[in-house]
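S.K.: Residue strings, one per chain:
Protein chains: 2
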Amino acid sequence: MPITSILDIYTKKKYLNKEITINGWIRSKRTSKIGISFLTITDGSSINTIQVIAKKSLYNYVTEIIKLTTGCSVIISGVLVLSPGNLQIYEIQSNKIKVIGWIKNPEKYPISAKKHTIEHLRKFCHLRPRTNLISAISRIRNIVFQSLNLFLFNKQYLWVSTPIITSLDTEGSSSMFKVSMLDNNNQYTNNNNKKFFKKDVFLTVSGQLTLEAYACALSKVYSLGPIFRAENSNTKKHLTEFWMLEVEKAFSNINDISKFAEKLLKFSISYVLDNCISDLIFLQKKLNRNIISYLNDFLYKDFINIEYSEVINILQKNKNSSYENINWGEDLSSSHEKYLVHKYFKSTVIVRNYPRLLKAFYMRMNSDNKTVAAFDILVPNIGEIIGGSEREDRIMYLEKNMNKVGLNSKNYSWYKDLRKYGTIPHSGFGLGLERLIIFITGIKNIRESIPFPRTIRHADF
Amino acid sequence: MPITSILDIYTKKKYLNKEITINGWIRSKRTSKIGISFLTITDGSSINTIQVIAKKSLYNYVTEIIKLTTGCSVIISGVLVLSPGNLQIYEIQSNKIKVIGWIKNPEKYPISAKKHTIEHLRKFCHLRPRTNLISAISRIRNIVFQSLNLFLFNKQYLWVSTPIITSLDTEGSSSMFKVSMLDNNNQYTNNNNKKFFKKDVFLTVSGQLTLEAYACALSKVYSLGPIFRAENSNTKKHLTEFWMLEVEKAFSNINDISKFAEKLLKFSISYVLDNCISDLIFLQKKLNRNIISYLNDFLYKDFINIEYSEVINILQKNKNSSYENINWGEDLSSSHEKYLVHKYFKSTVIVRNYPRLLKAFYMRMNSDNKTVAAFDILVPNIGEIIGGSEREDRIMYLEKNMNKVGLNSKNYSWYKDLRKYGTIPHSGFGLGLERLIIFITGIKNIRESIPFPRTIRHADF
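Chains S and H are the protein sequences, given in the same order. Heads up: the first sequence begins at 14 in the working numbering, then just goes up one per residue. Heads up: the second sequence begins at 14 in the working numbering, then just goes up one per residue.
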């Protein structure tokens, strides 16, 4: 008999009063005095569970049902009916329950029916998707991923995979992981490594430079893959391995690309609202936040566009104790961002045209010779969620910048070729997938936004 | 004025006899004796180019047009009309041509209008997407990626990202890259590394084990990301960094999952036929292969399902010089696969139930106690394109296998938990994205299937 997912039970109307078979895991069980058992089943397809009524008289399995505990896996057949109770819409009047897998030592099951802290669950990343919290986040994460691909596909952007193993340091930082070969004794040797790639190689911190090469040929491209930062930051906001969307468009400028980034963010949020409303309602209750209203708010308000220089004026004029003093040329701290987004504008803000020295070598110098055509999108509660810029398309400026930051020009001669041969104005941006998920779900720690988080001192599983 | 892509010119009918603006690069130029220039423009959105007519009398730009060479970037406005010539459907009667970027030293441009070998282009991975061949492959690669996400999304599979940095060795090989921290002098030190993750870590060879944890909670999941093999193989078939789709389904067996893999492959191919027919026609001419007819063939034939043991019988009975002798227990070589697929069955073949010793520790032992419920899908010209199996869901068998291959049981206790707590029959498979692209496009070397190939001695760009 074909299996019906719990998602289908709730979203397709055709199963009512029909015999169906489901499979999944016991979420909870109670048994009435007259020998009727009520099982709550989850299969991960939805935040919704389905109640199963198991009458003693119907079974050869009475002893088995008595032994069932949270987490046991089962296959159940029965008729789907409207539930007379007011806690659920549907229930299954079962006529067959097959136990597939038991829980060894139920009292030791790390995610038993009782409440667990997020920190406890983090130790059991392999089991935590069985909880409502992590399964809801996982379904939202999936929809975010699908929404980005769908939006970009519809806009004729081509997905391009940029390399992970690289000799480049796009962000000019030294926070990179080194990749090396092992010798036969599983030992690292410099010699071995040299033989393999003929050079030192690292894990990429951004695919942008190689993505630019494709934008300079195919016009509209994006990449979506893992990115690595070997930063010694043990905070709620940092992962050493995370997923990044990078978008690059030929013949574009800061106006086009920042508007496009706004549309993309809004599409993604509206797609999540359309596809994950049950999960959002669950998170809203669980985390006690008005998630749905703030996402709707986000959708229907235009982002504020403002110059970096104007931001400095605002911060200097409205000086108050919630943030430190700031001068032109200095970077915005999170307290400045909070003031702008939450207090001053009460809106998502796009800050544009930052001082040259604050931004990366590849960003395009403006005609004032002091600022570059960069932009950051600052959203409530998160801060920067997108960073982008026009790319320096003039070889002279580019070479000057590269010399200044001390990049090895030899490694980048191919990048300069893009400016020597049919150069074009082009722009792009990067979006951290996990930051977007934090923004949507309202979770506090980025470690809950990705299945198996890698942070300093943690590469378990 | 908004920009019209060349793809839209050819697929939407609304632009005919309208003023449009395009941007892109000069593919070629010729000038007639009476001073009319014919420019062929590409923008990467399509294999099709558009011819632009530039009449001397209309321009202030005569001197510029004379200097234009292949690769120069331009923005052109004019009226789209039906072309009187029989080499193209449309042309643009231009009234404005703006040159954006020149080619420095056209005679040195690495991908000038003349023919180049594939090996030459490989040295210029940053410029080769400007060629018809690599741009066609890139567009097909994009559609393959989109098709996999679309198919799995429609089947209610959730995309899950599995970690890249790992301490696991899923395939039991030693072909892994080590990941380490740098100290302040950019030097590798064992000490530093130990501090960062508290253990030795590597680049993943497969996300399957962690994906199983999610299947054992969310039922239907997949991952799609980069995978690394530090193999010393300098062949047309090997990359050290490539993209892999991994699919994992709860409550499933080898029959379900191999049928599902067949459907997925066929959906992907039909989606490419629907979306990339112009690129396929180009490749068909360029590579002199009947790509479109063999893809259609692939779609409309059922795959042959056959036992490994039966394959051995066939190979022993039909002994001939095209392949080596083979005994039960030995692995199929590419010559055996070729005989089966091209000669004996003339079809795609799913070989099932391989000897235990040929396959990985996580595959489920069959009741014969000799074979495991594994399957490989062998397609024409490529050989294995998908490998999958039922996973060993019985803790006793699993532990035995892990001991046999010498895995460090401590690292895998979480994996065993999946069998201790509500274990379920589950199955999955892996599909190499680049192999699928080779199969579809008919290209000979895997280095053309990915933008910036990483192979032994090559980590350029």
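Hints should not be assumed to be uniformly reliable.
Note that identical chains are pooled: a pair holds if it fits in a single copy or bridges any two copies.
In the DMTMM-like style, the derived pairs of lysine to aspartate or glutamate whose C-alpha atoms are separated by at most 25 Å in a straight line are [unchecked claim]:
id : residue 1 : residue 2
1  : K359      : E132
2  : K211      : D473
3  : K68       : D310
4  : K42       : D430
5  : K433      : E275
6  : K168      : E32
7  : K212      : E244
8  : K80       : E275
9  : K80       : D430
10 : K298      : D381
11 : K121      : D269
12 : K168      : D287
13 : K136      : D430
14 : K429      : E77
15 : K25       : D287
16 : K457      : E120
17 : K128      : D430
18 : K417      : D21
19 : K351      : E397
20 : K359      : E337
Honestly, the hints are just simulated from the structure, not real lab data.
S.K.: Are the hints correct? Go through all of them and say.
M.R.: To see whether the hints hold, each was checked on the structure:
no.	hint	result
1	K359 to E132	neither (32 Å within a copy, 56 Å between copies)
2	K211 to D473	between (31 Å within a copy, 10 Å between copies)
3	K68 to D310	neither (48 Å within a copy, 53 Å between copies)
4	K42 to D430	between (67 Å within a copy, 22 Å between copies)
5	K433 to E275	neither (32 Å within a copy, 47 Å between copies)
6	K168 to E32	between (44 Å within a copy, 22 Å between copies)
7	K212 to E244	both (23 Å within a copy, 17 Å between copies)
8	K80 to E275	neither (54 Å within a copy, 40 Å between copies)
9	K80 to D430	between (70 Å within a copy, 20 Å between copies)
10	K298 to D381	neither (50 Å within a copy, 52 Å between copies)
11	K121 to D269	neither (56 Å within a copy, 34 Å between copies)
12	K168 to D287	both (20 Å within a copy, 18 Å between copies)
13	K136 to D430	between (48 Å within a copy, 13 Å between copies)
14	K429 to E77	between (70 Å within a copy, 24 Å between copies)
15	K25 to D287	within (16 Å within a copy, 29 Å between copies)
16	K457 to E120	neither (29 Å within a copy, 58 Å between copies)
17	K128 to D430	between (59 Å within a copy, 20 Å between copies)
18	K417 to D21	neither (59 Å within a copy, 43 Å between copies)
19	K351 to E397	within (10 Å within a copy, 54 Å between copies)
20	K359 to E337	within (20 Å within a copy, 74 Å between copies)
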